[in-house]
Each structure stands twice: as C-alpha cells, then as structure tokens.
Amino acid sequence: MNNITQRIDKQTALDLLKNADLLDLGAQADTIRKDLHPEGVVTFVVDRNINYTNVCINQCTFCAFYRSADSPDAYILSREEIFKKIDETIALGGTQILLQGGLHPDLDLEYYVDLLRSIKERYTINVHGFSPPEITYLAQKHHLTIREALTVLRQAGLDSIPGGGAEMLSDRVREVLSPKKIKSSQWLKVMEEAHKIGMRTTATMMFGSIEGPEDIIDHLDALRSLQDRTGGFTAFIPWSFQPGNTELLKQNSGAGSQKSGAQSKINTATAVDYLRVLALSRMYLDNIKNIQASWVTQGLKLAQVALRFGANDFGSTMIEENVVRAAGVSYTVSKEDIIQAIKGAGFKAAQRDTYYTILQNF
Amino acid sequence: MLQLLRDKILAGERLTRQDAIELFRSDDLFTMGRLAANIAEKYNGRNAYFIVNRHINPTNICINRCKFCAFSRSKGEEGAFELTIEDILAKLDAAFKSAHHITEVHIVGGLHPDWPFEHYLDMLRAIRAKYPTLAIKAFTAVEIDYMAKSSGLTVTDTLKALKNSGLELMPGGGAEIFAEEIRNKLCPEKISGRRWREIMEAAHSVGIKTNATMLYGHLESIEDRVDHLMLLREVQDRTGGFQAFIPLAYHPKNTEIGGWYSSGIDDLKTIAVSRLVLDNFAHIKAYWIMLGEKISQVALLFGADDIDGTIIEEKITHMAGAMTGEGMAKDELIGLIKKAGKIPVERDAFYQRIKVYE
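Respectively, the protein sequence lines represent chains W and E. As numbered in this note's numbering, residues 1 to 362 make up the first sequence, in order. As numbered in this note's numbering, residues 1001 to 1358 make up the second sequence, in order.
Hints are computed from structural coordinates only; laboratory data are not their basis. The structure presented is a predicted model; accordingly, all values stated were derived computationally and were not measured. Don't take each hint at face value.
Claimed, not checked - Under the rule of at most 25 Å between Cα atoms (straight-line distance), these lysine-lysine pairs were calculated in the PhoX-like manner:
#, chain 1, residue 1, chain 2, residue 2
1, W, LYS343, E, LYS1253
2, W, LYS250, E, LYS1338
3, E, LYS1130, W, LYS10
4, W, LYS265, E, LYS1097
5, E, LYS1253, W, LYS335
6, E, LYS1330, W, LYS265
7, W, LYS141, W, LYS183
8, E, LYS1130, E, LYS1149
9, W, LYS18, E, LYS1338
10, E, LYS1338, E, LYS1042
11, W, LYS265, W, LYS34
12, E, LYS1042, W, LYS250
13, W, LYS18, E, LYS1130
14, W, LYS250, E, LYS1130
15, E, LYS1339, W, LYS265
16, E, LYS1067, E, LYS1315
As the list claims (entries may be wrong) - Across the chosen pairs, the derived CB separations fall in these ranges:
#, chain 1, residue 1, chain 2, residue 2, range
17, W, LYS10, E, TYR1357, 28 to 38 Å
18, E, ALA1094, W, LYS120, 19 to 29 Å
19, E, ASP1087, W, ASP353, 50 to 60 Å
20, E, ARG1025, W, THR145, 35 to 45 Å
21, W, ASN245, E, GLU1332, 35 to 45 Å
No residue lacks a Cβ here, since even glycine has one placed at the ideal position from N, Cα and C.
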C-alpha cells in the first residue's frame, strides 16, 4: 500500500470535506480504489446478524433497537434459536455470523464463554462478535483487563470483532448520542488490544447525526493512527444515522422544528453527503485496504454508485438484520441481488470470508 | 479517454450518434458528469427545479397490457379500478386542503375500453371549472391515439378538443424505447415510436407543450438508447415543443419481462449523456419516483436540473417495485436540492419561477 505517495493531513482533509467538488473527490477516491484493487473485483460476505439480546443498559438516543430488561419486547435468544439461525446460515453458504447484542445486566462472562464454546463445538463458522462496548462491559463486570477479557473470549471461540459502537469518535458527540456508552479512547483501546493479541477487527463510523465536519476528520484520524500502530483493521464501514423511531429524532422534532425543518439539530446525511464522506474516507485511510458500501442504509442503487466513490466491498448479504430495520429502513435483498448489483455496476463479484480471502467468483 | 469529446462539448458542438455511443460505452463517469453538469449550468445556472403537484391515475384498466407494466389490469380483473370524476375532484380537494398548494395535476391512465372521448373532455372541464388556475398536464400520446380512434377525429382535432376543455400540457410517457424490435417485445399492442412522435409534433403544433421520456434498463442496447435520443432531438429541432426530457429507469418487479433494476451508475450516466446529447432541451429531469430520492439528488451533479415534485400518490412505478415513498414533502425536496449545492426553485408547470429558496 505504498503507492500513495503523500498522506493527506487533517487540515487538508477538513478543507476537502467542506469545500471540494463532489465529483473531484469521487474521481480521486476512485483512482485510489483502482490502485488498491486493480482486479475490478467487488467482494461480499455471506453472513447473518444474530442479535442474542436486545436488552441494553446503554440506551443510546440514536438507537431504535434496544429495550430495557422489563420491557414486554425484551428477549434473549435461546441456544436452540441461535443454532437454528446458524444452521440456516450455513445452508445458504454463509461463512460468518455477526453476533451482537445489547449490554444485558444479567448475562455474565460464563454465558458468553459457554455460548461461544457450544457454537464452535458444533460448527465451522467464523464468529465475528461483540463490539467494544460489550467487551468493556464484560471486563468491568468481572474485574478483568480488556486483554484478559479478550483472551478468554478468544479461547472460547471468538474469531474477530466487528467495528460497531464506534459511532462518532468524538466525546462531545457521544455525550449527546450515547452518554452511557464507552468513550472514544476506550473504543480505540479495545481495538488496539484485540489487534495486539492477533485478532482482526473492522472499524465503523456513524455520521449524519449531530456531528460537524471536524468530528468526522478526528474520527478518521484516530483510526488511521491506530492502524499505523497495529494494522489490525480489515475494513472501514461508514454509514449514516437512520433517524426512524429513535430518541434522538424525538428530542429534535419538537414544536419549534415543525415550521422549518432546518431548525432540527440533526443533520441527516443525504446521498450526496454519504458519497462525500465515503470518498474522503478512501482518500484519508491510506492504510486500511477495504472500504464497504452500506447498501443496508443507502439502498442498492446508491451502494453501486459508492463503488465508484471509493468502496470496494458490498459488506454482507445480511440474511437477517434487526438493528437498522428497527429504525424503519429495510432493503431486503438476496445473494443473487447482491451479485447482480455488483455486476450491474461494472465489477466482477466474489464471495469472501471475514479476512477478505476470496472464496468464490461469480 | 473522453478528451476529443470533451473539447467538442466545451466548444458547444453538437454530438453525433457515434459520439453518444462512445459516451455510453465510456467508463469515465466523472468526466462525463462534470461535462454534463457544466452544460446544465450553462442552461439553468445553479437552479434545480421542483413542482408542487399531484398525480392522478383515473384508471388502470387498459387494453394494451404492456409486458414491462405492473400497473395495468383488464376489466373485471382483481385490482382493477376506475375513478369517477367526483373521485378525482375529491383527491384534488384533499391536495388543496393539505399543506401542499398544488400548481399542477398530472393525469395519466390506462386505455379504458368503455370510456368515450366525451368522458375525458368532461373530466378536464370539471377540473378546469373547479380550479381555474391549476395547470392540467394530462394524457400520453398513447391515450391521445386511443381517443382519436374512439372519437373518429384526427389527432389534431382530438388535441384541439382536449385543449378547449382545459388541457394545457402533456406528459412524455408512452415513448418507452423507439427501436421497433425491442418495442415489439415490450409492448406489441402500443402505438409505434413513429406514431408517438407524430402525435407529439401535432400537440406542439397546436400549442401544447409536452415532455419526452425514454424507458431504459430492460432489453435495449446502447445503440437503441442513442437512436431514441437522436429522434427526440430531431423532433425538438422542428417544433421546440418539448419542455423536459425524463429518462425512466425500468422497474422489474411484477412485470412480465422481469430482470433487474438498472444500476445507479447507469442511471447517472444516462442522465449525463442525455444532457450532453439533447442540446435543444432546456431541462433534464431526474424523476425521483423512478430513480429514488438518493440517485435523483446525485443526478443533480450529473446534468439534471429538475427532480419533479411532491406527487402525493404514485401508483404506476410502485406497482413495479419502486422503493421510494409515494410522495415527498416540499421541505424534503428543498433539503435534497440544497444539500446537493443547488438552488431550489419552485416552478409552475411551464417552468416559470414561483419561488426561489436561497
């Protein structure tokens, strides 16, 4: 990845994000993407989100998925339900499960260790699980260091860690969106520890809420610095806040905002904003090889366009997705839809594993 | 790659059929987009237009039953509907009472086997009587042809009668793709491309402005698309009667030919090439119902200068799997345009400015 001769500094990046012509940004990001992935292949993974519980003590304002423990909709999936979902995933050619849930006050480390062991005893499948907030919560609950908690989980069968919970790595923004969630430095610390013990992770960014352009640049810069030290991120996944059914939307749609929609503090990302952030991410993150297009939040058509604005991966087929759906956005697609979408955008389609190794070309 | 074409475009020279084919074949999306945006700016500055309008489909009963259509039904078939004139007025009333103060009604429907020509005239007269200032944009060339046949009038006399009853503008639907071989596969019962163009010319000659469309992303080739654009350009050279060109992305759900959605990249490219080739069209519309609000917004940076309007109730594309809402609030349209870096201009049906939202 040495073909990018000069790194963009923060000031330049901020200027580009705020002022550059979108097509200029796109053209530059597209050139970088072509240099990094000259084969013209766009990859995807076949996996399923398994949200083992929706009970969460963090109760972030941008989230429509969580419930409190005494809510009538609160659930914890049984082993049988989880195994059934994994059976179905494997039957559909899946190679990975994304195991994520809320921070449930009654589930302790033993639950997680048993769950992971029982999955690994039965299946050959990559367990991509538990974002930094879940790992931190477990470590604190059991008075373990992050490294100790990670080591226990890894020995029980955890393979890699998804990049969720990063949201916006700016404590000012987090104070509004997710005051109870771990701070930016803790998110980065968990990832660094995971990388150090040899685990690979992804990194995400949720934008289009209340952040400013500076926050986006700070976020990208924090990821780039960490990646310089560890090289552990496989991919970066930017997506935009989906306001449906969230507390953040309710807080911002009071009487004052009705007359002119512009009064809301939420700066919802439109397609143009999404492409701008995506292209800039491709330019800034010169040490992260893969960038995913988020068809789940943007739809297939814009995700196709994203492949010319810096993205080289279509993410997951998402046999099941619950969190974005809870916010009122649901684009249901099949594996065939994904393959056709990639081909329709002018690329070769390939199924990959968690580590971006190609398994099958289409 | 597009260097030669670039020079030609910047010099303001007209593109040839071969140039247009080269553009469609090119992978240089960004150069194409920038050139098209450049031309769009020459024509319309940084303005992006929208309209507060309402769609009305009087019936989906249609004798044509085109294979790309998920909207039409035969008489008596489940899901078939026909609105009375009172139903239509009630829908318009509701639109006026809501926050939308509509300035245009867009009426298209199926070819109903039992409706006499007089029924259409009554419909127009009733709307005109109740809403004297509402612009009535109604009936595709396909419907006009059908009315001419059922009334025994010439096309010109049919159009004049409609105009006298209140019709002011015609939408551009029914053009589909002119290429005969493909057209025969898609819609064998529909009027030919030649007939569509004749009717449009007749409309222009009696003083009815129209739009023009092209349905793409189904079975057609790049050459078919280019030929379609060339034929529209020829008509426009003669009449100047087209207000806007609207490329329509094919929707595969619930249709007989099936297939896939066009790609977002193809959508943007088609907008850009249309802007570059149709040098005698003032406006290129990225119709959000068909492209989705996301691609329509991005299309404003690829040569489009209009994203249509509030619509309120859209049926035809939704029955074929549109992923958009059936209508959009005015604030939302304004927000999309602003965020694309353009100036939202609310227009009337004739592209006269009603309000600029700086």
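Hint by hint, here is what the structure shows:
A hinted pair counts as satisfied when its Cα atoms are at most 25 Å apart, and W:LYS343 with E:LYS1253 qualifies at roughly 19 Å. Taking the CA atoms of W:LYS250 and E:LYS1338, the gap is about 24 Å. The hint holds against a cut of 25 Å. Of the supplied pair hints, the one linking E:LYS1130 and W:LYS10 is violated, its CA atoms being roughly 61 Å apart against a limit of 25 Å. Pair hint W:LYS265 plus E:LYS1097 does not hold up; C-alpha atoms about 30 Å apart against a cutoff of 25 Å.
Between E:LYS1253 and W:LYS335, the direct Cα distance comes to roughly 17 Å. Compliance with the 25 Å bound is thereby established for this hinted pair. Of the pairs offered as hints, the one joining E:LYS1330 and W:LYS265 holds, with about 19 Å between alpha carbons and a cut-off of 25 Å not exceeded. Distance hint between W:LYS141 and W:LYS183 is fulfilled; the C-alpha atoms sit about 17 Å from each other, no more than 25 Å. For the given pair, E:LYS1130 sits about 29 Å from E:LYS1149 by alpha-carbon distance, which is inconsistent with the 25 Å threshold.
At roughly 14 Å between alpha-carbon atoms, W:LYS18 and E:LYS1338 fall within 25 Å of each other, so this suggested pair holds. Only pairs whose Cα atoms come within 25 Å are accepted, and E:LYS1338 paired with E:LYS1042 is accepted, the gap being roughly 19 Å. Restraint check for W:LYS265 and W:LYS34: the C-alpha separation of about 37 Å exceeds 25 Å, so the hint is violated. Distance check on the hinted pair: E:LYS1042 and W:LYS250 sit about 43 Å apart at the alpha-carbon level, beyond 25 Å; violated.
For the hint pairing W:LYS18 with E:LYS1130, the CA-to-CA distance comes to about 49 Å; that exceeds 25 Å, so the pair is violated. With a CA separation close to 40 Å, the supplied pair W:LYS250 and E:LYS1130 exceeds the 25 Å bound. As the CA atoms of E:LYS1339 and W:LYS265 are separated by approximately 15 Å, the hinted pair is consistent with the 25 Å bound. A threshold of 25 Å between alpha carbons decides the hint, and for E:LYS1067 with E:LYS1315 the separation of about 17 Å falls inside it, so the pair holds.
Taking the beta carbon of each, W:LYS10 and E:TYR1357 are about 34 Å apart, inside 28 to 38 Å as hinted. Take E:ALA1094 and W:LYS120: their Cβ atoms lie about 60 Å apart, and the range 19 to 29 Å is violated. Our hint of 50 to 60 Å for E:ASP1087 and W:ASP353 holds, since their Cβ atoms are close to 57 Å apart. Checked against the given bound of 35 to 45 Å, the beta carbons of E:ARG1025 and W:THR145, roughly 59 Å apart, lie outside it.
Range check, W:ASN245 to E:GLU1332: about 18 Å between beta-carbon atoms, so the 35 to 45 Å window is missed.
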